[in-house]
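Could you slot chain B onto chain A? The hints should help.
2 protein chains.
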Amino acid sequence: MSLLDAEPRVVTTGVSLFAESLAAQDVDTVAVDWRPPADDPDGTLATALARVAADPRRAAADETAVGRMLAAGAQLIDVRPAREALGLEQGTFLHAGPPITWERASGPLRGALQGALVLEGLADDPDDAERRLAAGGVALDSCHHHRTVGPMAGVVSPSMWMLELADPVGGGRAWCSLNEGLGKVLRYGAYGPEVIDRLRWMGAVLGPLLQHAVRTLRDGAGPVDVKAIIAQMLQMGDEGHNRNRAGTLMLLRELLAPMIDAPGHATGAAAGLGQSDVARAVQFVAGNDHFFLNLVMPACKLMTDAARDVPGSTVVVAMARNGTDFGIQVSGTGSRWFTGPANTPEGLYLGDYGPQDANPDIGDSAITETAGIGGFAMAAAPAIVRFVGGDVSFALATTRRMYEITRAENPAFAIPVLEFRGAATGIDVTAVVRTGILPQINTGMAGRVAGVGQVGAGLVTPPAEVFPAAVRALAELAPPPEGPPGPV
Amino acid sequence: MSLLDAEPRVVTTGVSLFAESLAAQDVDTVAVDWRPPADDPDGTLATALARVAADPRRAAADETAVGRMLAAGAQLIDVRPAREALGLEQGTFLHAGPPITWERASGPLRGALQGALVLEGLADDPDDAERRLAAGGVALDSCHHHRTVGPMAGVVSPSMWMLELADPVGGGRAWCSLNEGLGKVLRYGAYGPEVIDRLRWMGAVLGPLLQHAVRTLRDGAGPVDVKAIIAQMLQMGDEGHNRNRAGTLMLLRELLAPMIDAPGHATGAAAGLGQSDVARAVQFVAGNDHFFLNLVMPACKLMTDAARDVPGSTVVVAMARNGTDFGIQVSGTGSRWFTGPANTPEGLYLGDYGPQDANPDIGDSAITETAGIGGFAMAAAPAIVRFVGGDVSFALATTRRMYEITRAENPAFAIPVLEFRGAATGIDVTAVVRTGILPQINTGMAGRVAGVGQVGAGLVTPPAEVFPAAVRALAELAPPPEGPPGPV
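Chains A and B, in that order, are what the protein sequence lines are.
Just so you know, we're using the working numbering here: the first sequence kicks off at 1 and counts up by one.
Just so you know, we're using the working numbering here: the second sequence kicks off at 1 and counts up by one.
Derived from the structure by calculation, the hints contain no laboratory data.
All clues stand as given, with none of them false.
Restraint ranges, calculated between C-beta atoms of paired labels, are given here: (1) ALA6(B) <-> VAL10(A): 27 to 33 Å; (2) ARG400(A) <-> ALA6(B): 37 to 43 Å; (3) LEU4(B) <-> VAL11(A): 35 to 41 Å.
Where is the CB? At the ideal position from N, CA and C, for every residue including glycine.
The following block holds chain A by itself, in its conformation from the complex (with noise of 0.2 Å):
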């Protein structure tokens, strides 16, 4: 039978131009889910993607990067100052993301940057504030170069205080600070006076109290297991990015017996607090809940901190933004970033918001997916798409293309929905290029002004240069090729 004698068989791929045409013209079609590979006009990502398939050492340098990765553990086992906890001298304000200059800086990064001087006492206003940094006085490093880990602006200052997670497993040590709550707060740029009377309270009444309960904990029945909870919240319906209301709640459980017992028996910061006090706290986790955000990221930061330096791995270790760049950090190039321009997240908005208003990705709660739960594990919070956009079979969807992406799945944190599938946890940067597919980020958005807030939530993904960057780095440090065997 020749080709013409029968009804054409339409296979489909790329846009969906072709496809729609066809379909308006009501011929059946077979899409295929493919993507073009990255750019490569001179063939030197093909040779450098080839260049990393050939290192020797990859395949056990994964192996050993990812192993650790999800054998890392996480306990919550102080709470403290940045100042005592960081060593964090005053003038010094870390924040999320790669590094970045105030010139550089994006509305939200700038706008928590002047609350965080008001806040230390440098600055006597936020005008004031905007003059002094944009004078140069104050030192910015990323909190990634202190085992640190903010959401979205992440500022972190030494009078803040600060969650002190501990990997038992491989050692590691890794920090985030308390999380403010939704709307007006520092982290999405917000500086007014209700932001910074909050943060006051938070050192002077919730931490000391978050103090006397995980010390009482870590020295009497054992550390907050961070780990556990995360693994529960999967069944919870919370993905440990946006949604966190399950963990939230677990970890109140935790530290609810220490908290109420504070009166009268607590000693340092926490003495004198009262049984109002304790009300007040315990309401104000109780009503945040992105809470336990503050405990996941840290807690991812371990699981990826213990993956790090591994030579010849592929495996992502860190993918953070300031506001203005995405970067990554890969296990096998060691402390180098591999930046692009944020893309800005789509999704719902809070009020009168619109697309207008808001700012370029920001934040380094994309931790979250680095480790494989946040936007990689929706399909175990459905309800999520209520708050980031797009429906339940998008959020299945995107959980079961990132195993494309990845090294292994998490048998710690099971997708319940997928038959208790382990999360898809270690992307490899070679398979992003060759797939095309990029891990998929949920996030607040964060308003493009200093001052604004929260303006939404929505769906991201990094920059797509970042990935043959990485690729190209790797094979630049990959042994040469051996030549031909030669003769015996």
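Quick look at chain B alone, frame taken from chain A:
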């Protein structure tokens, strides 16, 4: 083309033997999911079904019944002893399921009654209690006859503290006792000293503290909205019968601040309780993932009671088991029970227990399925299969199947993984008989022997015969069919 010229195409239905033997011969078959309707040798059931279907009141009656069921609210308005709340007199004991005598009572119900007599000081020990019960010295009645629901044995005695829920829409009230936790507990038929001690502490400390908290909220910020928490828990991996983990934590979140406030402020029964009592009470609630079940059940009782007594309605308003009999009540047939022998659940067993240790189905908790959650909403709680057996695809298929025997979908109880489809609500006895699909219940399993306690959790259905019995009763109450219209 004649039938014999081509390969046979085989459609199979009913038992799978035929399909399996064809499959063994490599013949493709298409299986149709059809079950024979209920046993009807003399055709009278078909006549009854036709009579009910022709009842001109029926469509409006079901709409009214289901409309009331969906509209009912549930607020937690008080916590107080059964003697006050229900006017229960010393010597009277309520139990789960349809009415039953001591002689026909199963092991777990007997054990719970023995413990309750000891708790009330009406017997010196469980043996003494058994003699007194056998001698007929106490009055037994069904919880359902007192707007009360009790999990498992469901025994309520005058000194037990009750959760009191109100429906602000229909004005109903419903009660349930406080959940004791899992393992060796009265409701599973255990009656040892630790069971009685725990119940005494619940009466002296937990009940009064909850009363203080519930009344503080009721008279201040507003009562706890139990229906809203149920809606949320379905987004958080709970189905409200055997998973109540998120629900319990959300309830605790509401009650925390006024519980913490109690020392020095509470009056009445909670006066004089201190900080350590609060810490123990909070830990007791937080450490018992099933605590919220005892609020879900009366909330469902409010929903189903609102749908009672609509003449012509075929909607089930109660499913309840006493460990011997399984009974249903139907809106159009008033307070009449249709009963059959309770089936024994199949599922997963604790420790060394096995099927031989399990008592037949027991408890009023099937009120959750009657109201559209529990086994009907397992798709919202895929992790439940690790507790009751089955796999995730079974959980999803079960929820989908329940839409075939129900009259409505509850928009307030949305199931995220089904793209937020409302829970299948309002079991129609005629649909059960026509399709042969029985309501799916998941449940705890009590030990057969009094005193043992819980032995597992599993899946069970009502005995099929209760539904034809209800259809026949509805047919008897239907108006006589009209003859053909006469000449004008």
